[in-house]
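Asks: Chain by chain, the residues:
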Amino acid sequence: MKAARAPRADKTNVKLLVVKDGEIEDSSIERLPDHLRSGDLLVVNDAATLPASLPARDARNNRVELRLTKQLDERVWQAAVFGAGDWRTPTEDRPSPPRFAQGQEILIAPDFRARVRGEDQLSGRLLDLEFNLSGEALWRSLYQHGKPVQYSYLEDELKLWSVQNVYSSRPWAVEMPSAGHALSWRLMLRLIRKGVQVVPLTHGAGLSSTGDVRIDLALPLAERFEIPLSTMEAVRRTSVGAGRVIAVGTSVVRALESADQGPSGFTTLKLGPGYERKIVNGLLTGTHDVSESHYKLLQAFLPENILALVSRHLERQDYLTHEFGDLCLILAE
Amino acid sequence: MFDFNGKSVLITGGSRGLGRALARRLSAEGAKVALVARHQEELDEVVREIRKQGGTAFGIVADVGDKESVYPIVGQAAALAGPVDVLINNASALGPVPLQLIPDTDCEDFERALQVNTIGPFRLIKAVVGSMILRKTGVIVNISSDAAVEAYPSWGVYGASKAALDHLTRIAAAEMADAGARFFSVDPGEMATLMHAQALPDADPADLQSPDAVAEKIVTMIRESDRIANGSRLIASEWRPL
Numbered sequence: 248m249k250a251a252r253a254p255r256a257d258k259t260n261v262k263l264l265v266v267k268d269g270e271i272e273d274s275s276i277e278r279l280p281d282h283l284r285s286g287d288l289l290v291v292n293d294a295a296t297l298p299a300s301l302p303a304r305d306a307r308n309n310r311v312e313l314r315l316t317k318q319l320d321e322r323v324w325q326a327a328v329f330g331a332g333d334w335r336t337p338t339e340d341r342p343s344p345p346r347f348a349q350g351q352e353i354l355i356a357p358d359f360r361a362r363v364r365g366e367d368q369l370s371g372r373l374l375d376l377e378f379n380l381s382g383e384a385l386w387r388s389l390y391q392h393g394k395p396v397q398y399s400y401l402e403d404e405l406k407l408w409s410v411q412n413v414y415s416s417r418p419w420a421v422e423m424p425s426a427g428h429a430l431s432w433r434l435m436l437r438l439i440r441k442g443v444q445v446v447p448l449t450h451g452a453g454l455s456s457t458g459d460v461r462i463d464l465a466l467p468l469a470e471r472f473e474i475p476l477s478t479m480e481a482v483r484r485t486s487v488g489a490g491r492v493i494a495v496g497t498s499v500v501r502a503l504e505s506a507d508q509g510p511s512g513f514t515t516l517k518l519g520p521g522y523e524r525k526i527v528n529g530l531l532t533g534t535h536d537v538s539e540s541h542y543k544l545l546q547a548f549l550p551e552n553i554l555a556l557v558s559r560h561l562e563r564q565d566y567l568t569h570e571f572g573d574l575c576l577i578l579a580e
Numbered sequence: 101m102f103d104f105n106g107k108s109v110l111i112t113g114g115s116r117g118l119g120r121a122l123a124r125r126l127s128a129e130g131a132k133v134a135l136v137a138r139h140q141e142e143l144d145e146v147v148r149e150i151r152k153q154g155g156t157a158f159g160i161v162a163d164v165g166d167k168e169s170v171y172p173i174v175g176q177a178a179a180l181a182g183p184v185d186v187l188i189n190n191a192s193a194l195g196p197v198p199l200q201l202i203p204d205t206d207c208e209d210f211e212r213a214l215q216v217n218t219i220g221p222f223r224l225i226k227a228v229v230g231s232m233i234l235r236k237t238g239v240i241v242n243i244s245s246d247a248a249v250e251a252y253p254s255w256g257v258y259g260a261s262k263a264a265l266d267h268l269t270r271i272a273a274a275e276m277a278d279a280g281a282r283f284f285s286v287d288p289g290e291m292a293t294l295m296h297a298q299a300l301p302d303a304d305p306a307d308l309q310s311p312d313a314v315a316e317k318i319v320t321m322i323r324e325s326d327r328i329a330n331g332s333r334l335i336a337s338e339w340r341p342l
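Sequence order for the protein chains is A and B. Following this note's numbering, the numbering of the first sequence begins with 248 at its first residue and continues without gaps. Following this note's numbering, the numbering of the second sequence begins with 101 at its first residue and continues without gaps.
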């Protein structure tokens, strides 16, 4: 599939493929209200996108890039480290970064540094970093020096403006929860007026690719989520009624399906073939190539043969992929 | 009744005058206040003062007239104080000082006033209101002026930008009526502030209201916001708790 190479200036022309009862139908995001009914519950991920890419240098002045994955403590974040270069080079072609030892310092700016606390057992490129700043000073520096994480299929450097959904709140996501990119308030008010309830949860959507095979095979990593009690209650009411619980994005599926461990925490849940959904009946999601890890997640909703049919159709009908691409609505009664 | 305890309140122009008074008052009510100002030292002083009193305050150094500052402002506020429950667009730019007649006003002075007084609030509303609607709670207060209504000579830049802000408030409320967010604008009246002294250097401060007294009224307006018609323009000197 072709990549959408820039944020969509006109979101009304985002295509929507609806998959229901083994049938597929070409539609558009503007017709989303036609495909949902009163009593359905649409659950969105309200995480704002943090500018999680930090250009930095090691003690020997080698250029590296840190891509934050999640906050672990007041000063401590997990980050994937990349060698020299930036988003313009495909992640798998980036040079390896130097190996970091515990205690080594990484310099982001003269007054903004991180010390390596340890590396993850998955890979020496996945580090726990302790910043020299905390609280307001840390957040200010992250926003001052960070840029949105992005990939080589995009044409231009992204602005922070381009990677926020229209309902974004706390900056927990290191990549935009992109299934919501085409939702406007005009569209959502139409849904609400039709009787579709729209409720939030917050899920710290992580990196979708690092170019490190060991990390990429383990994606998604453990991610932080929080489901408000009002959303839990809306899900419960919908589940006992005739409505459907429809997740906007796989991050929402991951959080909702992890709710039995409590309304907040870190989830390690892996969706994929054979996974039996307990809560979610439908999914609004981006379109994904067969080679992507997201494709596997969709097997929690569709059997392999239908998914293959969907893939062929998306390809033939020139649907666009990646975070600013076209969308797919899967309704699995 | 809106309960401030534990709520996240974002106040622009939070280091001086009315913004500072609102920050002190709201933190005393139990709110976590995130204050935006351009100057670090003044901001640090207010944050220190509030923390010393046992309140929760955070300082965000930014210029609300700069488009690229908007998501850093809202992101820092939400990360530190939680999803924004109350936004107070208080930061204001007077325009040329001393005040000028419209034909003597530089285009750049008008553009700057619009950026701070009208477009900055628009951007912040855009960045916080979606989350408010989803959470079915939220109050947006836009600080206006009687210059938005009265045609005072030499107040063209300030008055026109505040009139636009009043109308933005009304339209936002009409668009999102009953969706969960409340909007109103407030004419605070003449206060003993630095901005007032810049505009009218000969005024006697003894004749002016204190920012603390006006802040007290605005706090009661927010508290009773569910009983105020959405999109209202309120005048602080005429305000009586409902």
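These aren't lab readings, by the way, just hints derived from the structure by calculation. Honestly, I wouldn't trust all of these hints.
Computed far set for chain B versus chain A, every beta-carbon distance over 12 Å [said to hold, decoys possible]:
#, residue
1, L214
2, K236
3, A251
4, E324
5, S337
Derived DEER-like restraints, expressed as beta-carbon distance ranges [unchecked claim]:
#, chain 1, residue 1, chain 2, residue 2, range
6, A, E562, B, E168, 53 to 61 Å
7, B, Y252, A, N379, 48 to 56 Å
8, B, T320, A, Y522, 51 to 59 Å
9, B, D278, A, P345, 17 to 25 Å
Heads up, the beta-carbon is just placed ideally off N, CA and C, and yes, glycines get one too.
Asks: Falls inside 51 to 59 Å, the C-beta gap from T320/B to Y522/A?
Replies: Roughly 53 Å apart at Cβ, these two residues keep to the hinted range, so it holds.
Asks: Mind verifying the non-interface call on E324/B? Its CB should be farther than 12 Å from each CB in chain A.
Replies: E324/B is indeed farther than 12 Å from all Cβ atoms of chain A, at 23 Å.
Asks: Would the non-interface assignment of L214/B survive a Cβ cutoff of 12 Å against chain A?
Replies: holds, 19 Å
Asks: Is K236/B truly not at the interface, in the sense that its beta carbon sits beyond 12 Å from all beta carbons of chain A?
Replies: violated, 8 Å
Asks: Range first: 48 to 56 Å. Now tell me if the beta carbons of Y252/B and N379/A are that far apart.
Replies: Distance hint for Y252/B, N379/A holds at roughly 51 Å.
Asks: Was A251/B rightly flagged as not at the interface, with every chain A Cβ beyond 12 Å?
Replies: holds, 35 Å
Asks: Kindly confirm whether 17 to 25 Å is satisfied by the beta carbon distance between D278/B and P345/A.
Replies: Violated, at about 57 Å.
Asks: Going by Cβ atoms, does S337/B stay more than 12 Å from chain A at every point?
Replies: Holds: least Cβ distance 35 Å, greater than 12 Å.
Asks: I want to verify a distance hint. Is the separation of the beta carbons of E562/A and E168/B within 53 to 61 Å?
Replies: violated, 38 Å
Hints 2, 6, 9, counting from the list given before, are not met by this structure.
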